[in-house]
Amino acid sequence: MRNIFSYLLPAAGFIGLASFGFQDEPTFKPSDKEFIVGATMTRYNIGFGGGDCQTEVSSGQKTLDSLYLMLKSRPYIKMEIGVHEGKPCKGCKKCNPSQNAADAIRDYLVKKSIDKSRLSTVGYGMTMPLLNDTTGDGKPTEKAARLNERVVFKITYSKY
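Mind the numbering: the sequence shown is residues 85 to 244 in our numbering, read in order.
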């Protein structure tokens, strides 16, 4: 199965968008210089389990395995794992589900041998919606929830 990653390349005056795919080995090998600080990859297919607190990765392992291959082959990259929620969590008074989900992704990659110091985590919750569309009672619509629930991988350090 092929996983497609998209990333934004910030530059003065415009935004560039590029995609690349990975299988067991990269099908297209982007230049190392394309992995610049600020580039982001957004994924919608990573799911979490462990109850309301989302403490383990339950789906999207192939995506994370592809990310692992990219990180393994580029040990000079550091990355932020940011998780965004689509709906408020009803039963979470003491935990931060989006932070727990980001930590679960980090732990998955660390178990595969990526150094923990290369991965920072942020649980954004519902603070950065892509679509701010609500129902009459103020809750996000299904469309908004699906679009807003995402994982963003952001390169925070690269030698380029």
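Do not rely on the hints blindly, as some may be mistaken.
Stated by the list, open to error - Heads up, simulated BS3-like pairs for lysine-lysine below, C-alpha to C-alpha not over 30 Å straight-line:
hint : residue 1 : residue 2
1    : 243       : 195
2    : 171       : 243
3    : 162       : 195
4    : 196       : 227
5    : 146       : 196
6    : 223       : 156
7    : 146       : 156
8    : 196       : 238
9    : 146       : 238
10   : 223       : 162
11   : 238       : 227
12   : 227       : 174
13   : 171       : 227
14   : 162       : 200
15   : 146       : 227
16   : 162       : 196
17   : 162       : 243
18   : 171       : 146
19   : 162       : 146
20   : 174       : 223
21   : 171       : 200
Calculated from the structure, these hints are not laboratory results.
Residue 171 and residue 227: Cα distance at most 30 Å? holds, 11 Å
Between residue 171 and residue 243, is the straight-line Cα distance small enough, at 30 Å or below? With a Cα-Cα distance of about 37 Å, the restraint between residue 171 and residue 243 is violated, given a limit of 30 Å.
Mind checking the alpha carbons of residue 238 and residue 227 for me, to see if they're no more than 30 Å apart? Within the cut-off at roughly 24 Å; holds.
Decide if the proposed pair is consistent with the structure: residue 146 and residue 156, CA atoms, cutoff 30 Å inclusive. holds, 15 Å
Tell me if the straight-line CA distance from residue 171 to residue 146 falls inside 30 Å. Roughly 25 Å separates the two Cα atoms, so the pair holds.
Would the hint linking residue 196 and residue 227 be met if the CA-CA limit is 30 Å? violated, 34 Å
Compare the distance between the alpha carbons of residue 162 and residue 243 with 30 Å, and conclude whether the hinted pair is satisfied. holds, 10 Å
Keeping to a limit of 30 Å between CA atoms, is the pair of residue 162 and residue 200 held or broken? At roughly 10 Å apart (the allowed maximum being 30 Å), residue 200 and residue 162 satisfy the hint.
For the pair we were handed, residue 171 and residue 200, check the Cα-Cα distance against 30 Å. holds, 29 Å
Take a quick look at whether residue 223 and residue 156 sit within 30 Å of each other, Cα to Cα. violated, 40 Å
When you check the alpha-carbon spacing of residue 223 and residue 162, does it fall within 30 Å? Violated, because 35 Å separates the two Cα atoms, which is more than 30 Å.
Given the hinted pair residue 146 and residue 238, is their alpha-carbon gap at most 30 Å? holds, 19 Å
Checked against the numbered hints above, the structure breaks hints 2, 4, 6 and 10 and satisfies the rest.
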